[in-house]
Every structure is written in structure tokens, then in C-alpha cells.
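Student: Sequence:
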Amino acid sequence: MDQSLLVFVTVAEKRSFTRTAEELHMTQPAVSQYVQTLEKTTGAKLLDRSNKYVRLTKAGEIVYHHAKEILGLYTRMDALVADLMQVASGPISIGSSFTFGEYVLPHVIADMLAEYPLIEPTIMIGNTADIGGALLAHQLDIGIIEGDYSHDKLRVTPFAEDVMDLIVSANHPFAAAAPDFSVSLADMAPETWIVRERGSGTREAADRWFESFGFVPRNMMSFGSTQLIKESVEAGLGVTLLSRLSVRKELQLGTLRAVNAAGTPVKRKFSLVTHASPYHTKATQVFIACLQNGHWGRLS
1 MDQSLLVFVT VAEKRSFTRT AEELHMTQPA VSQYVQTLEK TTGAKLLDRS NKYVRLTKAG
61 EIVYHHAKEI LGLYTRMDAL VADLMQVASG PISIGSSFTF GEYVLPHVIA DMLAEYPLIE
121 PTIMIGNTAD IGGALLAHQL DIGIIEGDYS HDKLRVTPFA EDVMDLIVSA NHPFAAAAPD
181 FSVSLADMAP ETWIVRERGS GTREAADRWF ESFGFVPRNM MSFGSTQLIK ESVEAGLGVT
241 LLSRLSVRKE LQLGTLRAVN AAGTPVKRKF SLVTHASPYH TKATQVFIAC LQNGHWGRLS
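In full-length UniProt numbering, the protein residues as written are 1 to 300.
Each computed DSS-like pair below joins lysine-lysine, with the alpha-carbon atoms no more than 30 Å apart: (1) 45 <-> 14; (2) 68 <-> 58; (3) 58 <-> 14; (4) 68 <-> 45.
To be clear, the hints were calculated from the coordinates, so they are not data collected in a lab.
Can you make the complete structure from the sequences, with help from the hints?
Tutor: So this is what it looks like as C-alpha cells:
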């Protein structure tokens, strides 16, 4: 691994030569020397520094972005080579979109660690676009997304089906209707719809549902958190379309209700996203196996 890249990235993230020296267990002059060596190699000043701050120059921003990707590739290479002679262990970086990441992934991780306690998972939660971008930058080993996504450098493999319902407050008139009552487009027209932000698989599913009926909500609020949407619907601010996995507890408690509506339930796929390379660490292989063969489906 290029030590100067590691030192430079750490300085950029810590914004301090002193904290970098402490983090990497080296002297501050050594940190400065590595940064100077990299600046000579690139032929550009990479950091603006004073007694009060350390920040990236424009050239530094470019080098930092690519250095992160290069270091990610080094880490992945080392892990693959080490895996040839070792049992499944070590780090695995998992990215997941919100629904699966917040309501299913903890159970998958628990099942995996029960059998493979030496694996060290880290988790990033973001929308589908975030996960794809992080994989392309080699900041993740594997991703789990909702809805459609494609890129020629990534392999996208559907592995499970998700079911989504129209969700309302327990006090909403729709919830009080007879069990066989089905909400029509005319019924839905005056409602305020609370949806996820663009780039989210949940938002993509809602937009497709609207488009399938040529339906354009008159009032819409966009939130970046499924939990915030649930709380808002429960408070009576509007209605939403959410995965049954994400409202399982609220449905059991009776604070939210799933109601019949035209075109529901809406079905979509959870997909596994990996690098196009056929090589994966043993930790990643184990995680994929747990994901595909586990018993998390009992949550749905």
C-alpha cells in the first residue's frame, strides 16, 4: 500500500497533522514528509495549512477522491489474498437502502455473527443512488438496494420480493371503513402524500404506482427518513406507501393501518449489488450466503 496516500487521506479527514500522527502512530515530521513527497509526485499543492486549519486545495480534492478509491482497492486485494488460507474473518463493508438496512439487515448480521464471529461488519445506510455510488468508489464490498439500478461495472442480482401497502393513521377515515373497503383514485385525490426523497427505491415504487394510474397527488411532502414518514402518518399529516417490513411493529401495535387501495399491494425486488469482478472475500461470500439462505423472511 502507498503509505503517502494513506497519510494524505488521513490528514484530509482528520484536518490535523497532529491527530494524523496519533492515528497512524508516527511522528508529526514523518506525516509532513509523506505529504510533501506526494505533493512532489503530483506536482501540485494539495493542502492549505496554517496554525488554525488544514484544508484541501482544488488539486487536493481530486487526489483525495482517487486516493480513497485506490486505498479501497488495496484493502480488497489484501483481503482476497489473505482469504486463500484463512477462515471467514475480517472486515466487510455493507451498504443498504433504508427499508432493508433498518428493518432486516440487523437480523441477517446477527445470524451471520452467530456462526462466524470473526467477521467484522460495518454498515452504511443510504438511498439506492448512494449505495451504487459508494460501490463504484470502492467504499463498499456489497450493497442491497430497492427497485431498479444498473451500471456496467456492477452486478445487480434480485434475491427477494418486498410488498408495499397504502399506510394510514389508525384514526384516518380509511382505517375506520369496513375491511372489504377499497380506496379508489377519487378517494386518494385530496390526501397529502408523504414520500421518500428522489433517489430512494421506496420513492421510485410510489412514483411508478402513481404513474400506472395517471395519478398526480395534489399535495406531497418529501422526507429523507422512513421513521419520520411513519411518525408523520401516525400524527395524521398524510398517507404513504411503505413496505410491510418497515411498519410491522406499528401494525401490530395498531398505531398504523394498511388499507386496500387500487393497485395494491405493490411488489418490488430487493437486489444484491456487487462489483463485476468474480472475486469476493470469504466474509463477503458468507454474508451473501446468509442473505440468500437465512430466515429473515419470517419478518415479513
